[in-house]
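Visitor: Residues per chain, in single letters:
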Amino acid sequence: MQLKNIKKKMSLATCVLLQAASPSVQAEEAEWDVDTAILFYSESDGRVNAVEPAIYAGRELDDDSRIDLRLIVDVLTGASPNGAHAAPVAQTFTTPSGKSSYTAKAGETPLDDTFLDTRVAFGADWQVGLDRLSRITWGGNISKEYDYLSLGASATYARDFNDRNTTLTTAFAFNNDIIDPEGGIPSIFQPMRTAGSGINREGADDDKSITDFMVGVTQVISRETIMQLNLSFGQTDGYQNDPFKIVTIIDPATGLPATASGSSFFDTATTGNLPYVYESRPDTRDRTVLFFKTVHHLDEDVINFSYRYYDDDWGIKSNTFDLRYRYELGGSYLQPHLRLYTQEAADFYTHNLALGIDVDPTSGAVSQDYASNDYRLAKSETVTVGLKYGVPLANNSEFSIRGEVITQTVDDGSVPEGEEAPDLDAFILQFNYSLIW
Amino acid sequence: MRTFILIFIMSFLSACSSLGVEPWERDLLAKDSMQLVPDYLDNFYDEHIYFSKEASSGGQGVGGGGCGCN
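Going line by line, the protein sequences match chains H and U.
Using this note's numbering, the letters of the first sequence map in sequence onto residues 9 to 445.
Using this note's numbering, the letters of the second sequence map in sequence onto residues 22 to 91.
Hint data in this document are derived by calculation from the structure and do not stem from the laboratory.
Quick caveat, the model's predicted, so the values are computed rather than measured.
Mimicking DSSO-like on lysine-lysine, the simulated pairs with C-alpha atoms at most 30 angstroms apart in a straight line are:
#1 U:K74 <-> H:K152
#2 H:K216 <-> H:K325
#3 U:K52 <-> H:K396
#4 H:K216 <-> U:K74
#5 H:K113 <-> U:K74
Label-pair distances were calculated between CB atoms; the ranges are:
#6 U:K52 <-> H:R140: 21 to 27 angstroms
#7 H:N403 <-> U:K52: 15 to 21 angstroms
#8 U:L57 <-> H:T126: 27 to 33 angstroms
Beta carbons are placed, not taken as given, at the ideal position from N, Cα and C, and that holds for glycine.
I would like the entire structure built from these sequences, with the hints used as guidance.
Guide: Okay, here's the thing in structure tokens:
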């Protein structure tokens, strides 16, 4: 009897609770999670400077679906290494348009300072629930800059297992990029010409397609720990040269950029050919990436650690370690960040090409298939140290500021002293304001 | 390769079945700071910066867009 009474009372209480709760549930409208930020990026020695405002907004559309949107504007100015190395003599180069020239002093790394670009990128992800345990996310992105257009689409399928403690993910993405560089597409291994003497070009634009496939598993380990492991395969097909990068042709007799004394082809006064040729990279690239991440909750603080192993058939192998420690200060927080990256050089990374060995002194023909002196393809190491401070404000909003120092050290082997690719120091300052809207 | 992926998935599923928490033990996991990508824009900026300075990219997901970064 008493049990029956308790049951009755419990049902009544449940009904009252449900009735009280339902109007507010119905009235509750999905809200936008909005994150706004501006990033200032500055490289030392007058290289690249960037200002990047960005906005992200995401919201639940209904019980089964949500949408995430992002917009980023990227304003770049400054100078970028053109691929030629420093030399004990002054060097003159022609701008990509072929109309004017610039000079690097003796001992100075040649930088093309005509670099100025604005990029606008927009992306959207739409997640749809398929059933109680699985969902698919459709993604799209477009990125446009003065000489570059990137269009992409992706699909990510995720399914939960083991009481939602395990999530298996499989994803597929396709991107098509079109490059339309100032002056057109340079002819590979053809020489840069003196300003106003015509340019070696083979068409206005070119393109590449990028296909990515990923499988991953996310596992809840305990109340405090979650882990993720992803394996990705990617393939890029098409034009992958940097149209603004050249390779120096040296005369082994002098160790200096080729001149009339060693090559009739590089007799600049007569032929208009400068001792630099446009780089050449393979038109396919296959990548494999293994990525591991774990997030662990201590008593108050949170550790976020990731490791990535990257390998491709250009010979690039890299290891990336990333550690963030969120130190709670009773509401606000401090977050130190450490990132370590090491990379092996691409097989075709070349300091320069030599007359009589790699280059025919008479015809200028290059005997290699591929060569690039782009420092990003060299053996290198990047260390990033940063600190972020975040403070909660009224109405679930938050303000944060982040500062980071990036140091990139390039190891281009045993090259003559003074010709080494310069190291890079970059600084980041970022302000974030996030809110619920 | 297909066999490898299948073994990869199956071994994880069987190994993972003994791990995890009950639904009422997800309080910490639900916190913003416990998400795999807790700061969306920080992550987006970082991916873009390192994509333009290093020869490796990807791992966390797929897509996201390219650029003609110098």
